[in-house]
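Each chain, letter by letter, is given below.
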Amino acid sequence: KAGVTQTPRYLIKTRGQQVTLSCSPISGHRSVSWYQQTPGQGLQFLFEYFSETQRNKGNFPGRFSGRQFSNSRSEMNVSTLELGDSALYLCASSLWTGGTQYFGPGTRLLVL
Amino acid sequence: GESVGLHLPTLSVQEGDNSIINCAYSNSASDYFIWYKQESGKGPQFIIDIRSNMDKRQGQRVTVLLNKTVKHLSLQIAATQPGDSAVYFCAETDSWGKLQFGAGTQVVVTP
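Just so you know, the protein sequences line up as chains A and B, in that order.
Just so we're aligned, residue 197 is where the first sequence starts under the working numbering, counting upward by one.
Just so we're aligned, residue 14 is where the second sequence starts under the working numbering, counting upward by one.
Heads up, a few of these hints could be off.
What follows is a set of in silico ranges between Cβ atoms, one per label pair, in the way DEER data are often shown [what the hints assert, rightly or not]:
id, chain 1, residue 1, chain 2, residue 2, range
1, A, Arg259, B, Ser53, 25 to 31 Å
2, A, Gly236, B, Glu52, 19 to 25 Å
3, B, Met67, A, Arg205, 35 to 41 Å
4, A, Gly238, B, Lys84, 18 to 24 Å
5, A, Gln213, B, Asp44, 40 to 46 Å
Hints in this document: simulated from the structure, not taken from any laboratory.
All figures in this text were calculated on a predicted structure; none of them were measured in a lab.
Quick reminder that beta carbons are idealized off the backbone N, C-alpha and C, glycines included.
Can you build the whole structure from these sequences, using the hints too?
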């Protein structure tokens with residue numbers, strides 16, 4: 197069974213731009229969670245989607261948003277990028293909310 | 014607020030020795046704990062998990078111990094190998110199913 201895939205793997209943007217990241221969960225998994233990983237803050241939870249509905253949300257500004265499609269694929273969007281948004285963005289999928297989460301390789305975003 | 018934290022930021026282990034990575038958690042309501050391994054340039058990889066109704070669980074070369082009395086979690090790696098060099102995270106799942114991660118411990122395996 198294929199693992200969690202994320203595209204693109206690397207991205208360079210400039211301040212003020214917006215970006216959309218994509219995540220395809222493991223087949224059969226209906227929950228997708230997003231995390232931001234930085235050296236200073238570690239792994240921080242962004243949000244979780246299950247059956248196209250946001251179930252949980254972390255403490256991030258409204259510039260960070262996401263959605264989930266009927267096939268469980270998910271996207272996250274960051275608008276008006278700031279330098280501090282440079283990070284590794286990780287997606288994880290699980291069968292259900294609260295289930296064991298399996299991570300993708302991440303998208304490394306650099307904001308210049 | 015509630016948090017999950019690791020005691021040691023870096024653990025140096027000789028190849029063949031056993032490793033013990035520790036984790037303290039503060040949310041006594043957490044009922045599910047997971048250990049992840051993250052190698053450079055990769056996403057976290059699931060190693061082993063344990064529920065709060067257990068105090069020990071064994072996998073292949075790994076054992077997780079849970080002490081609810083002192084809110085402590087540990088991961089033991091037997092016969093540590095060079096491929097075990099990575100950052101190890103403990104994580105707890107809160108009542109909403111959200112994963113909260115600790116800061117991570119860098120394990121360095123020396124020959």
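Hints, verified against the model:
1. Arg259/A <-> Ser53/B: 25 to 31 Å: holds, 29 Å
2. Gly236/A <-> Glu52/B: 19 to 25 Å: Given a distance of about 20 Å, which is inside 19 to 25 Å, the answer is holds.
3. Met67/B <-> Arg205/A: 35 to 41 Å: Cβ of methionine 67/B to Cβ of arginine 205/A: about 37 Å, so the range 35 to 41 Å holds.
4. Gly238/A <-> Lys84/B: 18 to 24 Å: holds, 19 Å
5. Gln213/A <-> Asp44/B: 40 to 46 Å: Since the Cβ atoms of glutamine 213/A and aspartate 44/B sit about 41 Å apart, the hinted range of 40 to 46 Å holds.
Consistency note: the structure conflicts with none of the earlier hints.
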